[in-house]
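Peer 1: Letter by letter, the chains look like this.
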Amino acid sequence: MSKEEVVLLDFWASPFCGRVRIALAEKGVEYQNREEDVLGSKSELLLNSNPIHKKVPVLLHNGKPVCESTVIVNYIDEAWPSRPLLPTCPYERARARFWGDFIDKKIFEGGTKIWSSKGEALEVGKKDFIEILKQLEGTLGEKDFFCGDNFGFVDILLIPLTTWFYAYEKFGGFKVEDECPKFSVWVKRCMQRESVAKALPEPEKVYEAVLMLRKMNGIE
Amino acid sequence: MGDEIILLDFWPSMFGMRVRLALAEKGLKYEYKEEDLRNKSPLLLEMNPVHKQIPVLIHNGKPICESLIIVQYIDEVWHDKSPLLPSDPYQRAQARFWADYVDKKLYGLGRKVWSTKGEEQETAKKEFIECLKLLEGELGEKPYFGGEKIGFVDVALVTFSCWFYAYESCGNFSIEAECPKLIAWTKRCKEKESVSSSLEDPHKVHGFVMGMRKRFGIE
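Just so you know, the protein sequences line up as chains G and P, in that order. Counting in the numbering used here, the first sequence runs from 78 upward without gaps. Counting in the numbering used here, the second sequence runs from 1244 upward without gaps.
Simulated from the structure, these hints should not be mistaken for laboratory data. There could be a bad hint or two in this list.
Label-pair distances were calculated between CB atoms; the ranges are [stated by the list, open to error]:
1) P:Gly-1304 with G:Gln-212: 21 to 29 angstroms
2) G:Ile-296 with P:Pro-1292: 30 to 38 angstroms
3) G:Ile-129 with P:Glu-1391: 20 to 28 angstroms
Since the model is a prediction, treat every value here as computed from it, not as a measurement. All residues carry an ideal CB built from backbone N, CA and C; glycine is no exception.
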């Protein structure tokens, strides 16, 4: 009986790695987790597996690398087809991909503007970020999850990013729960899932990591 | 009753051209609507309220936005003709990775090549060529990125080729000199009617870029 070898090149604080951990857990795939020292020195394996971007996450499936978290989540969904993460209807799939792309383009970069700026730039960053969350809140509507009744692709792409929100709140002087209460309800609903709770770091720990990042970048 | 397909587009957009190409590959008839991006139509604003950008595909009244998402949608709905993505999950992941690479790098760098000067332009040119060389490496000895037939990555990348003359002219360099295999690939693609009918004339694109440079005061 052949055994699948699945290895994840990982970094605990990375929300992009979090996506892959959750997707693998949702599919019940056993894997080996290798923590990378991304701020220090990257392993040979990482540099060889992802020579283009040299970043985590990288999924190695029977030795073959897949890079870019959204590409990896799509791959996991297709390589282990039971319990699909994407809807079956092409139009709904396109909608899910659209919001996944929106999340990819806006959230992490928007949040970075908050923790890495001061004064006027910080205020603008905060305002823009809240606007982005309100747009997501609007598309969620009254649904439990972004694509309907089932936890899936869009939820997986977004929920790990929320572990950085505590840091944004501290630096920006705001609370996501006050600005976007429905969004916060969705966050809590996702965090109740075992696959999510086990995969994600404590926001307080992420906050400490961001403090270190700020110091490293000379921001006071 | 047939499908009603409308494409909201802007003629020089390499992103819009991707959708035209995918529709042509599938042999689909559609209504093309040119948008004036300085005066966007109510239809565009209604169909893409989030980004307010082209291309937008409207299929039986329902909008799909973002060019690569539209191409995947077209590939899935009309899956029995000219498949653009491979069926094997690992190969699909590789195709998505490289299409994502094109999206992340080429437009931004290309824009810097035509819209900046001096040091900034030189840096952009260098990085732009490096990206094309990486893509050339990925193509290898295959006729197309998709193997024996054009695929997802070919669609994602070939539409940039009608902007090459504009980039070369603004940046004073030759892409063919740096990446001959990639240029050979663009010529091979253009032998296909679906590609040649979807790409704009490079001289027309060049004229458009010159107009933009004047508008932005770049000399």
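Peer 1: Now tell me, hint by hint, if it's right for this structure.
Peer 2: Structure-based check of all given hints:
The hint said 21 to 29 angstroms for the Cβ distance between Gly-1304 (chain P) and Gln-212 (chain G), and at roughly 23 angstroms that hint holds. The given range of 30 to 38 angstroms is respected by Ile-296 (chain G) and Pro-1292 (chain P), whose C-beta atoms sit roughly 35 angstroms from each other. Look at Ile-129 (chain G) against Glu-1391 (chain P): about 25 angstroms separates their beta carbons, and that is inside 20 to 28 angstroms.
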